[in-house]
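Engineer: The primary structure of each chain is shown beneath.
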Amino acid sequence: MGLLNFLKRIEPDKKKSPFLHTLYDGFFTFAYAPDSVTKEGVHVRDGMDLKRTMVMVVLAMQLCYVFGTYNIGHQHFVAAGQYLGFLEGFHLKLTHGLIKLLPIFLWTHIIGLGIEFWFAAKKGHAIEEGFLVSGALIPLIMPPDIPIWILCVSVAFAVILGKEAFGGTGMNIWNVALLARVFVFFAYPTTISGDEVWVSGFESMASGAVAEYGWAHGLFDKLFSWMDIDVFPAAAAVVDGYSGATPLALAYQGGWENVTATFSESQMFWGSIPGSIGETSKPLILIGAAILLATGIASWRIMLSMFIGAAIMGMMLNGWGATPFMTVPWQYQFYMGSFFFAMAFMATDPVTAASTNTGKWIYGLLIGMIGMLIRVINPAYPEGWMLAILFLNTFAPLIDHYVLEGNMKRRMKASAAAVSSHSVHSENEVTHA
Amino acid sequence: MLLAALFLIAGVLTLAFFLSVSDNLIQIEAQKQGIDTRKKNLSVFPSLGNLFGKPAPEFADKSKFHNLKQGHDLKLVGSASGTPVKANVSRYALKPTDFRGIAPIPKMEVAVGDEVLAGQPVFYDKLSPEIKYVAPVSGEVVELRRGAKRAVSHIVILADKEQKHKQHDILNVDTASKQDIINYLQAAGAWNLLNQRPFDIIADPTVTPDNIFISTFSTAPLAPDNSALLDGRTADLQEAIDTLSRLTSGKVYLGLDGRGNSPHPTLSKVTGAEKHYFNGKHPAGNVGVQIHHTAPIKNNSAVWTLTLEGALTLGRLMNAGIYDSSKIVALTGAQFDSPQLVKTYAGASIAELTKGNIKAEGTTRLIQGDVLSGKVLGEDDFLSQGENQITSIKEGDQHELFGWLLPIKPRPSISKTMPGFLMPNHQYEANTNTHGEKRAFVVTGQYEKMLPMDIFPQHLMKAIMAGDIERMEGLGINELSEEDIALAEFSCTSKMPLQSILRDGLDMMREQG
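Sequence lines, in order, name chains P and X.
Using our numbering, you'd call the opening residue of the first sequence number 2 and step up by one each time.
Using our numbering, you'd call the opening residue of the second sequence number -4 and step up by one each time.
It is possible that part of the hints are untrue.
Once the Cα atoms are required to be at most 30 Å apart in a straight line, the calculated DSSO-like pairs of lysine-lysine come out as [stated by the list, open to error]:
{"#": "1", "chain 1": "X", "residue 1": "57", "chain 2": "P", "residue 2": "414"}
{"#": "2", "chain 1": "P", "residue 1": "123", "chain 2": "X", "residue 2": "433"}
{"#": "3", "chain 1": "P", "residue 1": "40", "chain 2": "X", "residue 2": "156"}
{"#": "4", "chain 1": "X", "residue 1": "59", "chain 2": "P", "residue 2": "410"}
{"#": "5", "chain 1": "P", "residue 1": "9", "chain 2": "X", "residue 2": "404"}
{"#": "6", "chain 1": "P", "residue 1": "40", "chain 2": "X", "residue 2": "457"}
{"#": "7", "chain 1": "P", "residue 1": "410", "chain 2": "X", "residue 2": "444"}
{"#": "8", "chain 1": "X", "residue 1": "57", "chain 2": "P", "residue 2": "40"}
{"#": "9", "chain 1": "X", "residue 1": "27", "chain 2": "P", "residue 2": "410"}
{"#": "10", "chain 1": "P", "residue 1": "40", "chain 2": "P", "residue 2": "9"}
{"#": "11", "chain 1": "P", "residue 1": "410", "chain 2": "X", "residue 2": "64"}
{"#": "12", "chain 1": "X", "residue 1": "27", "chain 2": "X", "residue 2": "444"}
{"#": "13", "chain 1": "P", "residue 1": "414", "chain 2": "X", "residue 2": "64"}
{"#": "14", "chain 1": "P", "residue 1": "410", "chain 2": "X", "residue 2": "457"}
{"#": "15", "chain 1": "P", "residue 1": "40", "chain 2": "X", "residue 2": "444"}
{"#": "16", "chain 1": "P", "residue 1": "414", "chain 2": "X", "residue 2": "389"}
{"#": "17", "chain 1": "P", "residue 1": "40", "chain 2": "X", "residue 2": "144"}
{"#": "18", "chain 1": "P", "residue 1": "40", "chain 2": "X", "residue 2": "433"}
{"#": "19", "chain 1": "P", "residue 1": "124", "chain 2": "X", "residue 2": "444"}
{"#": "20", "chain 1": "P", "residue 1": "15", "chain 2": "X", "residue 2": "433"}
{"#": "21", "chain 1": "X", "residue 1": "411", "chain 2": "P", "residue 2": "283"}
{"#": "22", "chain 1": "P", "residue 1": "17", "chain 2": "X", "residue 2": "389"}
{"#": "23", "chain 1": "X", "residue 1": "64", "chain 2": "X", "residue 2": "404"}
{"#": "24", "chain 1": "X", "residue 1": "270", "chain 2": "P", "residue 2": "414"}
{"#": "25", "chain 1": "P", "residue 1": "40", "chain 2": "X", "residue 2": "404"}
{"#": "26", "chain 1": "X", "residue 1": "276", "chain 2": "P", "residue 2": "40"}
{"#": "27", "chain 1": "X", "residue 1": "276", "chain 2": "P", "residue 2": "410"}
{"#": "28", "chain 1": "X", "residue 1": "411", "chain 2": "P", "residue 2": "40"}
{"#": "29", "chain 1": "X", "residue 1": "433", "chain 2": "X", "residue 2": "389"}
{"#": "30", "chain 1": "P", "residue 1": "40", "chain 2": "X", "residue 2": "389"}
{"#": "31", "chain 1": "X", "residue 1": "389", "chain 2": "P", "residue 2": "124"}
{"#": "32", "chain 1": "X", "residue 1": "27", "chain 2": "P", "residue 2": "414"}
{"#": "33", "chain 1": "X", "residue 1": "457", "chain 2": "P", "residue 2": "414"}
Coverage of chain P stretches by chain X, computed from C-beta distances (three or more under 8 Å per stretch; other residues unrestricted) [said to hold, decoys possible]:
{"#": "34", "segment": "29 to 43"}
{"#": "35", "segment": "52 to 59"}
Don't read these hints as lab results, they were simulated from the structure.
C-beta: ideal position from N, C-alpha, C; glycine also.
Working from the sequences, and respecting the hints, build out all of it.
Structural biologist: This is the structure we're talking about:
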């Protein structure tokens, strides 16, 4: 109890310094579950709260973080033509990955949580847990080479306009993490589009472009040379013929054959391919999805119907077959891009998804179909889940509206029948008995 | 090969699509014809309940056996069973505040020092003076306790050793007119045993209820088994059913436990009521849930409900001409040294009922009713009229290091992130900690799993908060009472006060008329 007493003693005054108090409250309730007791209504409450719910989602994506970090380094060295084996140069790849990922992670949280804390203090309510998940998701869906300032602007945009403007956690219409991503996509198309961004640490993806190593790399170089192991190569440069293109870009250009010419199926499945940081490795994402399903935190209805929707649209596009991309067999579509990540972590966000069970089926199905359609048809950017999910976020309340209308109509009709002809009603009852 | 498989899948999907669309069209047409498709399966697909649900046991008629999938049994330490012992209680009280729907200031018919008989009127409501509220026991009125605005909140009676009942003439139900029965029940103090839904208020004598419902079992946490109450009371229950049948334009329904054992002989013997069996977790025993599955409450109409105990009191009155408030109360919960069933009368003193039985360790919260929808009681308070359970649990006013992430002590939860779901029969020693702070609605689909009714609780709550009367009515507020939504409130991740929101909504509806 010593720690508790100490924490109680240093509690800042709520009136004098509201921001500090909010900050303190946020960290205090993180360390200690509150001592509040039930007052009216139920006397016993479920052990589950929003903190635990959110942290479970964050835990479910930890494997994606581990793999994503390493894959940043791996893709860097593959572009340089060195350490081509996945596990070769392990320490260098991990170090490079961490050097790239940590700033992204830290800046996401500094900006996002900073805004969250500020608004909480301003409005005088407790810090809500929503950004725990958004903040963990944003780094995973960003390209590894994203400039930090663009990241910061996008996070600020998403949190202020996407969430706080609507009233905070639970009130937002659009998925906050996707809003950050879509902001990058639309606001900085020249910086962030094309094949350049998926591999980090080079000036450009032209062959011969040299790797840029900063002070952090230098620091680790000293450590590695002291340990007498490989250091970062002095003159790493992009090898001839390397494009940095993702499987989806390749499929857009020349169909499935064009993809398999560069990447093997198992490579795409396990995820050692260029792409956004956390979305390449399918098995690890599926483990996360399995955790969310087993704990009942994410909706299986959305996941399943989204998969069905994507498969149906894939088949329909196969039947159409007008472009090379359309001819990619539907089951191979799942090897490429970020379908599973979107399915497990993005579409299932309970706040922005449809809230009725019937609505969830429709919502997931439409995301699957529209997302696959955008992926294949959109000439500017061969991926569709971000746009499809945001689109359906917008329409989720409408879907729910019709589900609820159905429920209300049914009830009203039963009542109307009872009022208009009471005798018929009791007759029915007799026959029913 | 692949192509063939694809064509096969596509073919099956197309076929399924057309089948499903036409199936839905049939259902829509059926609904237009006024057939309730929830009860009669007109679909070509068998309902999942028929395929995988528990088959009806042989004592239950198949068409009147209801398998309810949603819900949760909250298992707590301290259940009471065995033979009821006689409680040693000397003071009893009638609490005007127990009766919802009456004017705030009750009109007294007795003063301190008066001797009263059991069943003698002690106060009435000035809005409907013909409805009498009677003393639960005979004895001397020793105190008129006053609450808000000096209104009498407790009429405390020091009970006689030998109970003396006010004797009424016995009314022949078969020959008496409906108005005679109503007048008789009102004068004898039994009218307030009738509860009217929607709104859960004292029945309005000018209303003819669509149906009258009695649930004969409870699934609430630690709720006592009713068999001790039912032993040897066949005549009383039969008389109650006969009387009630005269008051409704529809039927009297009995909700019976369909979870396993065959029903108590008293329940099998009585006739004249339609018996429905309910198999499922809590709240399958709630009368509101049972109404929803037998004959749902229509808008602009009302049904009446009685507790089993109330029905027996009413039956005894009609049979013997006395108002007998004797009841069996279950003392349950982890903070009782010996949880037990006790025999006493309505309005028994809590201090005397629980004397020497409460554990010294920790602060104890006494609740009349169950932990989900009961009310907190002070020790110097008295048991309310319709209650037959007192639950004692420990207060949870302590901080817990990382309690939300790594709970040390087991706590009840419906979440599969807690190890509890692996031990479905574990009995928890729950406390009153909120286990988290209040948040906005985030998680969806949670309440629906806790309420076996065709209702969207979260959307209803939002409609109430927005004050949208039409939507509240459409989403089924009239079918709900606090106890039905209590389990959803327990499970709520955002710690929302659903019962108080619902009561606000019901009050809003009542004001609208």
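Engineer: Against each hint, give a clear statement of whether it holds in the structure.
Structural biologist: Hint-by-hint comparison with the structure:
no., hint, in the structure
1, 57(X) <-> 414(P), "27 Å, holds"
2, 123(P) <-> 433(X), "18 Å, holds"
3, 40(P) <-> 156(X), "38 Å, violated"
4, 59(X) <-> 410(P), "26 Å, holds"
5, 9(P) <-> 404(X), "23 Å, holds"
6, 40(P) <-> 457(X), "21 Å, holds"
7, 410(P) <-> 444(X), "22 Å, holds"
8, 57(X) <-> 40(P), "43 Å, violated"
9, 27(X) <-> 410(P), "11 Å, holds"
10, 40(P) <-> 9(P), "24 Å, holds"
11, 410(P) <-> 64(X), "24 Å, holds"
12, 27(X) <-> 444(X), "29 Å, holds"
13, 414(P) <-> 64(X), "26 Å, holds"
14, 410(P) <-> 457(X), "18 Å, holds"
15, 40(P) <-> 444(X), "24 Å, holds"
16, 414(P) <-> 389(X), "47 Å, violated"
17, 40(P) <-> 144(X), "23 Å, holds"
18, 40(P) <-> 433(X), "13 Å, holds"
19, 124(P) <-> 444(X), "34 Å, violated"
20, 15(P) <-> 433(X), "19 Å, holds"
21, 411(X) <-> 283(P), "24 Å, holds"
22, 17(P) <-> 389(X), "36 Å, violated"
23, 64(X) <-> 404(X), "29 Å, holds"
24, 270(X) <-> 414(P), "26 Å, holds"
25, 40(P) <-> 404(X), "22 Å, holds"
26, 276(X) <-> 40(P), "25 Å, holds"
27, 276(X) <-> 410(P), "29 Å, holds"
28, 411(X) <-> 40(P), "26 Å, holds"
29, 433(X) <-> 389(X), "21 Å, holds"
30, 40(P) <-> 389(X), "14 Å, holds"
31, 389(X) <-> 124(P), "34 Å, violated"
32, 27(X) <-> 414(P), "9 Å, holds"
33, 457(X) <-> 414(P), "23 Å, holds"
34, 29 to 43, "holds (count 12)"
35, 52 to 59, "holds (count 5)"
Violated hints for the displayed structure, listed by number in ascending order: 3, 8, 16, 19, 22, 31.
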